[in-house]
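There are 2 protein chains.
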Amino acid sequence: MNLTILGCHSATPRTTAHPTSQILEIRGHLFLIDCGEGTQVQLRRYKVKFSRIRHVFISHLHGDHFFGLVGLISTFRLLGREAELNIYGPKGIKEAITLQLKLGKSWTNYPLYFHELDSNEPQVLFEDEKVSVTTVPLDHRVYTNGFLFREKPGERKLNIDAARKANVDLSYYSKLKQGHDVVNNDGKIVANRDVTLDPEPPRSYAFCSDTAYCPEIVPQLKDITALYHESTFLEEHHHLCETTKHSTAKEAAVIAKKANAGTLILGHYSGRYGDLNLFREEAQEIFNNVELAEDGKVFSF
Amino acid sequence: MNLTILGCHSATPRTTAHPTSQILEIRGHLFLIDCGEGTQVQLRRYKVKFSRIRHVFISHLHGDHFFGLVGLISTFRLLGREAELNIYGPKGIKEAITLQLKLGKSWTNYPLYFHELDSNEPQVLFEDEKVSVTTVPLDHRVYTNGFLFREKPGERKLNIDAARKANVDLSYYSKLKQGHDVVNNDGKIVANRDVTLDPEPPRSYAFCSDTAYCPEIVPQLKDITALYHESTFLEEHHHLCETTKHSTAKEAAVIAKKANAGTLILGHYSGRYGDLNLFREEAQEIFNNVELAEDGKVFSF
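Those protein sequence lines, which keep their order, are chains A and B.
Just so you know, our numbering puts 255 at position 255 of the first sequence, and the rest follows in order with no gaps.
Just so you know, our numbering puts 84 at position 84 of the second sequence, and the rest follows in order with no gaps.
You may find that some hints are simply not true.
Identical copies look the same in the list; a pair holds intra-copy or inter-copy alike.
To be verified - Here are the computed lysine-lysine pairs in the DSS-like style, where the Cα-Cα straight-line distance is at most 25 Å:
(1) Lys188 x Lys94
(2) Lys157 x Lys130
(3) Lys105 x Lys91
(4) Lys102 x Lys245
(5) Lys245 x Lys105
Hints were generated in silico from the structure; no laboratory data involved.
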């Protein structure tokens, strides 16, 4: 599971700070999360293979999270894309995008599907045999969802030496990986646990931005491998959280601690702070394993 | 008159090539012409003072000419802008922008006026005592206008030595600058031409992008100081002009020659060409004074 930060700063794009966008590579999928202005250039800068993106998740319709989407959709068309593209985002996103394509007489040649969201309950947006993607309803000035990406448990690992020793025929190996007991060449039952090992525990990632402090999301995030949680402000500016519905680094850390997260990644920093280490220091007073998102940084879990 | 090229490449933004946008500084005005994705970052990169932009002219509603507009409008709001902003562009532009602001509950606090265009005849969009801005109807796949910026003739220049010698009272100097004859301290009429000099000839600039070869625009551009004319292709790819409704460097030069332009500036290059000098060479076979637009380049006239 690799997370590439394309942009992690709040508000307006600058020459050195890009608005929110991330690429999550998980079990062969390349999921794009949010798409601020300039995301298509960031994708090129960090050499992400455009064509592998099939699913785009938009948290909310503030510009710093979605003004780059229409340009990316248009570029896919100019590059001759044929594969379908799925956009998941708040109600209204379809009209905002298609109106612009219509005005430019620039309909996509590839299938473009919008999945509009308006529920305040967690919803499964995507699921296959390897992963699931679920909304995490957040608390912001406009309708906003985070997204929870979960790997499904993989197959059990074969302990080849033990299987050979137990005289299990090769043809039973895939059945063993699936967790079944089998009968060996001597006609005896071989217990699965004696010849297989537990698979890697499934990993999970949650993207929570933008949001006010929202402990209601904790049960959904329980034992998560990695949590990206916005920290627009430091505690010294906590009063700004009330009107803007953002969080502080400390509040992000409280969520990570309550959820028993493996790693907390901070981001969506307000432009007023020169030293991002202040965010880490504030969060580490509550929760130990804190990382700072930075444009271009790749996290592997 | 200073022209700053913020972006001059066709189609999609890349790390090294930005889509169309220009700043024209003329008689104290700072006019923004087109606004491809990433324009607000280019404005910062080239240290253009945001707040001085009061008028934005959008040629047409293809993404590489206007996808950066909604972000710029939003950023003005975040920066606390109070001055009004005028947007001139094809019909539909108001809905495309306001829909996105509405979805983000991000109405501007400053007055935002849209001037929607649908005429196929030249129209005066802006005029004061110093300059006028007129549409130049172009021929593209969607409704498109170029823009013609004309300085108005300035006041005549006082030949102070001559005026003193002719015994003209100081109080008549401003009347002289306005072109009138005056009576001197001896009661004699002093002819204006004897004590004043011609002002600098008014300069003019036309932006013509995107367009197929369109000689109908020549009379409007007659004797223009500087002409920016798109040259998406070279003649070797002339066949692509028919379907895409773009021009070659040669065609741009023919327009410049017919219009008796002072300088031709080429731009909107297709990404297929590695060496932009080929554009200059092709145009110079027809017209001598050819410049190549490049991101960040400033032309002074």
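Taking the earlier hints as the rules, which of them does this structure contradict?
1
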